[in-house]
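> Chains as they are written, first to last, in my numbering: chain A, 1 to 230; chain B, 1001 to 1382.
Keep in mind the hints are simulated off the structure, nothing from the lab.
There could be a bad hint or two in this list.
Derived, one-sided and incomplete: chain B residues facing chain A with beta-carbon distance under 7 Å [as the list claims (entries may be wrong)]:
id, residue
1, N1010
2, R1252
3, T1290
4, A1293
5, P1377
Within a straight-line C-alpha distance of at most 27 Å, the following computed DSS-like cross-link-like pairs (lysine-lysine) qualify [unchecked claim]:
id, chain 1, residue 1, chain 2, residue 2
6, A, K14, B, K1373
7, A, K14, A, K219
8, A, K14, A, K76
9, B, K1378, A, K80
10, A, K76, B, K1108
11, B, K1160, A, K76
12, A, K72, B, K1378
13, A, K14, A, K85
On a predicted model such as this, the values are computed, not experimentally measured, just so you know.
C-beta atoms are modelled at their ideal positions from N, C-alpha and C, and glycine is treated no differently.
This is what each chain is made of:
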Amino acid sequence: MMISCREITKSYSKGSHLVTPLENLSLEVPRGEFLALMGPSGSGKTTLLNLISGIDTPTSGDLEIDGENIAKFPRKQLTKWRARKVGYIFQLYHLIPVLTALENVELPLLITSMSRKERRRKAEAALEVVGLSDRSHHTPSELSGGQEQRVAIARALVADPALLVADEPTGDLDRESATRILELLRSLARDHEKTIVMVTHDARAAAAADRTLHLEKGKLLTEDPNLVSI
Amino acid sequence: MLPLSYALRNLFRDKSRLIQTVGGSALVVLLIMAATALNGGMAGVLSASGSPRNAILIGTGSEESIQRSEVAAQLGGIAEAGIPGVLSALGTPAASTEIHYMSFLEAKDGTRGQGLFRGVTLRALLVHPEVRLLEGTFPGAGEVMVGRLAWRKLGIAEEKLQVGSVVKLDGSEMRISGIFAAPGTVMESEVWAVLGDLYMLAQRDTASCVVLRMEEAKDFSEVELFSQQRLDLELTALRESDYYSALGAFYRPLRVMTWITAGLVAAGAIFGGFNTLYAAFASRIRELATLQAIGFGRGAVFFSLVQESVIACLAGTLLASVIALVFLDGRTIPFSIGAFTVSISPQVAIAGLGTGILLGVLGAVPPAIRCLKPSLPKALRS
Ligand SMILES: Nc1ncnc2c1ncn2[C@@H]1O[C@H](COP(=O)(O)OP(=O)(O)OP(=O)(O)O)[C@@H](O)[C@H]1O
Ligand SMILES: [Mg+2]
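Extracted from the complex, chain B is given alone in its bound form:
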């Protein structure tokens, strides 16, 4: 076996080639890490947003978008009375009538952005127990509370959305009463107001949905049964988790596109790598033959060449990981219904590492085979 130092020192024979290999692999690895982190982040926020214990009663035909759904304002009362298995806390049933409303919020300085507004009552907190106030209070009339990532989704400076700030929602001035967290869910990028205010602002007399928290996940069948029996209400029952994973499916084409792009760049880099490494190995054909004359097997020489390339690509992976940690980790990315935080998780790191090793191996194998092909006498003569 050839020593590792041989492979290592060979890397430094041509500095520009080394920079090219390290830089190229860093680019590809960074791209793969970014794609993995973004897709993972979005999938993560969508799957965390829906609880399998929660059932949503939604208007038939609007299963794909709560914002478009209309249900009777009294549905909450009817549902909690008619469905067994709804969780209750100190006698209050966990049935939250909500309006989901897409609109614009305007800050004092005139900056405005589109976001999701949710009209709720205090019962929303029973249904969405992950929501907790970080600062201030639950809103009263004329007030809103904002999720801690709402600024990112709305594109408004964070300091404009502090407790006590006044913002405009569809022309009406509202005071921010509190800031809430709902870790890892889309709710964190929403703005919540009291249900009554949203009936007025959205100029509607129907709600969007009723969210029920059940004693157990399997009690969903009771909700389903209810929606099937009360045909007059024209309802569909959805598990909250199913609703959000269906939203995720909506982003499939986008995800596929990211992967295709990453794949194309990786393929380009591998072909570029072939040329770079072929040039590097070809300039050493006689040396490689000498090693074989001395008694190193062709396999040992081949392994050393691949090792050399993998080391360069691992250096690229390290560089990419540092860049990802500094520039991507913790960044909040907005998307249609919310925002998610990018995290360079162990999975992302493993994806990067795997890509780096794969690049190193794939890029080196064909040039190494080609350079070890000539017979020994011929190679020694060259």
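Next up, chain A with everything else stripped away, as it sits in the complex:
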């Protein structure tokens, strides 16, 4: 299993009372699966994604990713773990505006001990995978939304992490760009053995995944096979 969550709970204290966006949630995701997470707003999708990707830590429960239980990792260790294991794709791309596409993609490699030349080569290869080699010296403001998201995907996969997480990656894109992004994610799962967890509101986007899970009020609903088939 790439991801195995066992009875994880996440709660925040908000003033005097406790908010629990996730409660006793268990989930298993095999390596190479492309999983879609759906659910109404506030159901805990982002919270779950943050836990799986080591952005946040659970209040209780075990969280094993690729054989490592990250639930109790201290902050510093978690940061290092993220650099190695996870690639992030955000709804609003979150590219660094002052860096070019190539520099944005190169960013995660700066944490490694890779030589400058090798970093360049890898970043160029990643841009090639997303089909944007001809835009490598453009800054984000000179790219369309769809192109920005593809740069963001190149940045997420450049360090070759086993896990990719995406929070509504097509939420801000037109249909054509969205289709292209989804195809890209599919091929990353299929051809590159990446495990992908994608949050989406869009049933069409979810249809691109191998499996769809529904979250409601912090709990997973049992799988509905009707929603998975195209």
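Put chain B with the ligands on the given structure of chain A with help from the hints.
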């Protein structure tokens, strides 16, 4: 580690903010450099003016001001005969009887200014070997020689104080016989006349002091002994260097004031910097969180923010240094007993550089801490 280019390019995201940071830091750095240069210049001229080998015999009670002291006109002769260890050059003892007299000098065009006049004999040159003529001759009766910075102290145009010019000293016309240098000392801003003329002009029959140049600095004890034995002469012996450093102490409050002013402006600039940088960093909270999500440590992001601020302040330091070199370096500043030349020395440059770096670090640390405080999930959502 985030690349330097990230910090550099972030600076240019908001031009007006950049101008504000660079300008503000330049102002503070310039102020610190000016304060350091002025204080250093004054301290330098005062410490260069006194030699530890020179002893001054001065009237008891006037230790703080030679101008107010009175000693018998014959003291020079008595002292050189009674004190062992006085340097002698070709049989002439290095004992200079002098009158120090504060008065006004008037140029041909009517401009006048206050300065220090020194009545001397040729022996003054044995006692003050740093004095050398640049032009003309040592004065005779009815003549004066002027230090090369005297014009600055007197506030009279330099071309009015040339060899051959006629000036008025207390109403008497005197011809300028020469111009002298005494590098780095207050003597350079003085006007020297022959002792006899000053007895008349100052209407006095006593001298101000006798300056003795000793074989060795430790021979000062002989002068001290002499002043203690000859109680009848009511003398005090001072090392010349001590006399001038005591004068320096007189300017302490002024120096403290300059530092307080500079400190207040710097504090104001740092608080202004907090706001500017806080606004700059706060607009990037999500970006800073993204960098951490990617795997950069909080320390690396923090370092980059501080780096960004330090680069801006170093640009300000560079600007301030150029301004200081163009407008301050080499400028002559008059003060009560003389004038000194401001120099942007390596120490001044280091003070400026230190200030620039400090401003950059101090201004960035609190805003950076504040902007890196929110948890990652929260910051990513913002
Ligand atoms: N840091 C926090 N402090 C307090 N409550 C939080 C925090 N983060 C999330 N929550 C709460 O947890 C619940 C789930 O939030 P989450 O962001 O996971 O929802 P979501 O399913 O991603 O919603 P959306 O579809 O709108 O993005 C919400 O009620 C939210 O208010
Ligand atoms: Mg969400």
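> Work down the list of hints and note, for each, if the structure agrees.
Against the structure, the hints come out as follows:
| no. | hint | in the structure |
| --- | --- | --- |
| 1 | N1010 | holds, 6 Å |
| 2 | R1252 | violated, 50 Å |
| 3 | T1290 | holds, 4 Å |
| 4 | A1293 | holds, 5 Å |
| 5 | P1377 | holds, 5 Å |
| 6 | K14/A / K1373/B | holds, 17 Å |
| 7 | K14/A / K219/A | holds, 20 Å |
| 8 | K14/A / K76/A | holds, 25 Å |
| 9 | K1378/B / K80/A | holds, 20 Å |
| 10 | K76/A / K1108/B | violated, 80 Å |
| 11 | K1160/B / K76/A | violated, 75 Å |
| 12 | K72/A / K1378/B | holds, 20 Å |
| 13 | K14/A / K85/A | violated, 31 Å |
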